[in-house]
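Using the sequences and the hints, build the whole thing.
Residue numbers (this note's numbering), protein chains in the order written: chain A, 104 to 221; chain B, 104 to 221.
Treat the hints with care, as some may be off.
Since copy identity is lost for identical chains, a pair holds within one copy or between any two.
For lysine-lysine, the following DSBU-like pairs were computed, each having C-alpha atoms within a straight-line distance of at most 35 Å [to be verified]:
no., residue 1, residue 2
1, K220, K129
2, K220, K170
3, K155, K217
4, K129, K149
5, K155, K220
6, K129, K217
7, K149, K220
8, K170, K217
9, K149, K217
What the hints contain is simulated information worked out from the structure, not anything from laboratory work.
2 protein chains.
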Amino acid sequence: MVNYQEQLSRTFAALVDPTRRAILAKLEREDDGASVSELAAPFAIKLPAVRKHRDVLEDARLITRTKVGRTVTVRLAPEPMREAMDWLNRYERFWSQSLDRLAAYAERQEADAKRRKR
Amino acid sequence: MVNYQEQLSRTFAALVDPTRRAILAKLEREDDGASVSELAAPFAIKLPAVRKHRDVLEDARLITRTKVGRTVTVRLAPEPMREAMDWLNRYERFWSQSLDRLAAYAERQEADAKRRKR
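In structure tokens:
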């Protein structure tokens, strides 16, 4: 059983690598999942490297793997990514406030500049 | 100059540690920023450890540091967190679809079970 904080750490750790992010982005467009060779196709990296990334993503529970005969299909597992997103969501209030404050500051500066020119 | 993908990697790497996430969550509630000792207060860790986390967060550009006299104040820097959030946002369509599909599947299973019972 992985607790909430531990899963968040695993999710963010898996997202550090740009190739893994690209693999997840590709899987997002593949409703029926993809094989490892399909995953590897857009990248200039070899199959064993893609398999390693797949294993990291699977350990982090961001993808699931099904095997039918000799074909392994991987699919996105939505829940952990949603938790990571929810965590970041808590900051949204802060961002909008900060950006509003920045805009207000820029406007004040502009108004001051105009006043000084008169 | 750090490019978009590199910044995303740094942001996610900084978010891997639960104490760093807790520091960011604390800073989100401090509109005027906080000193390192204020940051350390809720945690059972020593100041040097908090300073290390602060340095990682600063290197990842998730916080800024201002020094007035001998007092160092740190504040959240909203932009990189927003970029990370936007990246995760791309999956939202997928999550809602997956969860809808899961619900539809569960309903079908239930309907089948009822039909078999008749």
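Legend entry - Identical-chain pair category, K149 with K217, by Cα at 35 Å: neither (60 Å within a copy, 49 Å between copies)
Inset, instruction - Could you place K220 and K129 in one of the four classes (within, between, both, neither) given a Cα distance threshold of 35 Å? - result: Result: close neither inside a copy nor across copies, 55 Å intra and 42 Å inter.
Legend entry - Homomeric proximity label, K155 with K217: Cα distance no greater than 35 Å: neither (60 Å within a copy, 44 Å between copies)
Legend entry - Intra/inter-copy verdict for K155 and K220 if alpha-carbon distance must be at most 35 Å: neither (63 Å within a copy, 46 Å between copies)
Inset, instruction - Can you give me the call for K129 and K149, within, between, both or neither, at a CA distance of at most 35 Å? - result: For K129 and K149, the Cα distance is within 35 Å only inside one copy (17 Å; across copies 43 Å).
Inset, instruction - Up to 35 Å between alpha-carbons, please classify K149 paired with K220: within, between, both or neither. - result: neither (64 Å within a copy, 52 Å between copies)
Inset, instruction - If the cutoff is 35 Å on CA atoms, where do K220 and K170 land: within, between, both or neither? Let me know, please. - result: between (73 Å within a copy, 32 Å between copies)
Inset, instruction - Have a look at K129 and K217 and pick one of within, between, both or neither, based on CA distance no larger than 35 Å. - result: neither (51 Å within a copy, 38 Å between copies)
Legend entry - Homomeric proximity label, K170 with K217: Cα distance no greater than 35 Å: between (69 Å within a copy, 30 Å between copies)
When held up to the earlier numbered hints, the structure conflicts with 1, 3, 5, 6, 7 and 9 and fits the remainder.
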